[in-house]
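Protein chains: 2
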Amino acid sequence: MSAIRTATLADWAQIHPFWQRIVADGETYAYPEDLTSEQARTLWYDGSDRRDTAVVVLEEDGRVLGSAKMGPNRPARGSHIGTASFMVDEAARGRGVGRRLGEHVVAWHRELGFAGIQFSAVVETNTGAVRLWQRLGFEIVGTVPGAFDSRRHGRVGLHVMYLDLTPES
Amino acid sequence: MSAIRTATLADWAQIHPFWQRIVADGETYAYPEDLTSEQARTLWYDGSDRRDTAVVVLEEDGRVLGSAKMGPNRPARGSHIGTASFMVDEAARGRGVGRRLGEHVVAWHRELGFAGIQFSAVVETNTGAVRLWQRLGFEIVGTVPGAFDSRRHGRVGLHVMYLDLTPES
Numbered sequence: 001m002s003a004i005r006t007a008t009l010a011d012w013a014q015i016h017p018f019w020q021r022i023v024a025d026g027e028t029y030a031y032p033e034d035l036t037s038e039q040a041r042t043l044w045y046d047g048s049d050r051r052d053t054a055v056v057v058l059e060e061d062g063r064v065l066g067s068a069k070m071g072p073n074r075p076a077r078g079s080h081i082g083t084a085s086f087m088v089d090e091a092a093r094g095r096g097v098g099r100r101l102g103e104h105v106v107a108w109h110r111e112l113g114f115a116g117i118q119f120s121a122v123v124e125t126n127t128g129a130v131r132l133w134q135r136l137g138f139e140i141v142g143t144v145p146g147a148f149d150s151r152r153h154g155r156v157g158l159h160v161m162y163l164d165l166t167p168e169s
Numbered sequence: 001m002s003a004i005r006t007a008t009l010a011d012w013a014q015i016h017p018f019w020q021r022i023v024a025d026g027e028t029y030a031y032p033e034d035l036t037s038e039q040a041r042t043l044w045y046d047g048s049d050r051r052d053t054a055v056v057v058l059e060e061d062g063r064v065l066g067s068a069k070m071g072p073n074r075p076a077r078g079s080h081i082g083t084a085s086f087m088v089d090e091a092a093r094g095r096g097v098g099r100r101l102g103e104h105v106v107a108w109h110r111e112l113g114f115a116g117i118q119f120s121a122v123v124e125t126n127t128g129a130v131r132l133w134q135r136l137g138f139e140i141v142g143t144v145p146g147a148f149d150s151r152r153h154g155r156v157g158l159h160v161m162y163l164d165l166t167p168e169s
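Chains as they are written, first to last, in my numbering: chain A, 1 to 169; chain B, 1 to 169.
With the rest of the complex left out, here is chain A (with noise of 0.2 Å):
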């Protein structure tokens, strides 16, 4: 049985590995790839528990196969807007790790009251993830030309990316 949960300080050890994998591979994340586990784990879990921001993990028979973090995404007069940031095992690929983190993090917005989420920076090659969004009921606001340095692909534009949760929506 598989289930998303809240993260704990102990679920790093296993987040750790892939989240590494993944910057490291050069193609979704624009995070420093020189960093401690510390560091890294800091930039993941904020260290606040405050009502407004979680971070999760899929786990399945005691497995993490990805993790999600959320929250506004900025302080004060944008707060009403959220974010996220996911990590999937390479492992656990194809079996729909991202739709259903993605399922909770929009259900978690909605709870909350957020009156919509917005990615900054989906890297336009990684398209898995931008038809997950659009699926998801996410449009492309916009594309920043060349703003990601991918490994393989060079410059690469980074969609704005936006799903309105207003109840007339």
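Derived from the structure by calculation, the hints contain no laboratory data. Incorrect hints may appear among the rest.
Note: identical chains are not told apart, hence a pair may lie in one copy or across any two.
Claimed, not checked - In the SDA-like style, the derived pairs of lysine to any residue whose C-alpha atoms are separated by at most 25 Å in a straight line are:
#1 Lys69 - Leu43
#2 Lys69 - Gly154
#3 Lys69 - Arg99
#4 Lys69 - Asp25
#5 Lys69 - Thr53
#6 Lys69 - Arg135
#7 Lys69 - Ser79
#8 Lys69 - Leu136
None of these values were measured; they are calculated from a predicted model.
With chain A held as given, fit chain B onto it using these hints.
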């Protein structure tokens, strides 16, 4: 005479009053409004002496009229794109302070070899700023609807604006 120069820590005593008024005015920045002076300074001067970041002031006869901060928009695989933020004392509006700081920021990025400059959150009702960036060559890449909770206008869009600085452009 007025000139743009690197900001010193001593300049904060002059920057902070208008910085704070601009944030409290609630029309241009999604910064927290309850920061201490020290917290706000840390947000503006990130404390690093990295060659790829800078904070400047425009000073006239010993008086600081405005300030700009600039540097990479993202780390690592996004660090070839810069970004900047601007604060101009409202008592000095209409005198070209924002324009001169903007021109300085563009020249600084060009000299350091950045491929472009991204402004991620230009409030759409801040039409003076939008027009100024357009005059400097920035284009609106997209607009996240309702992403800024303006004190006077309610929820308004945040423009993502971009200026290409690659040699062929």
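### Query
Which numbered hints does this structure break?
2
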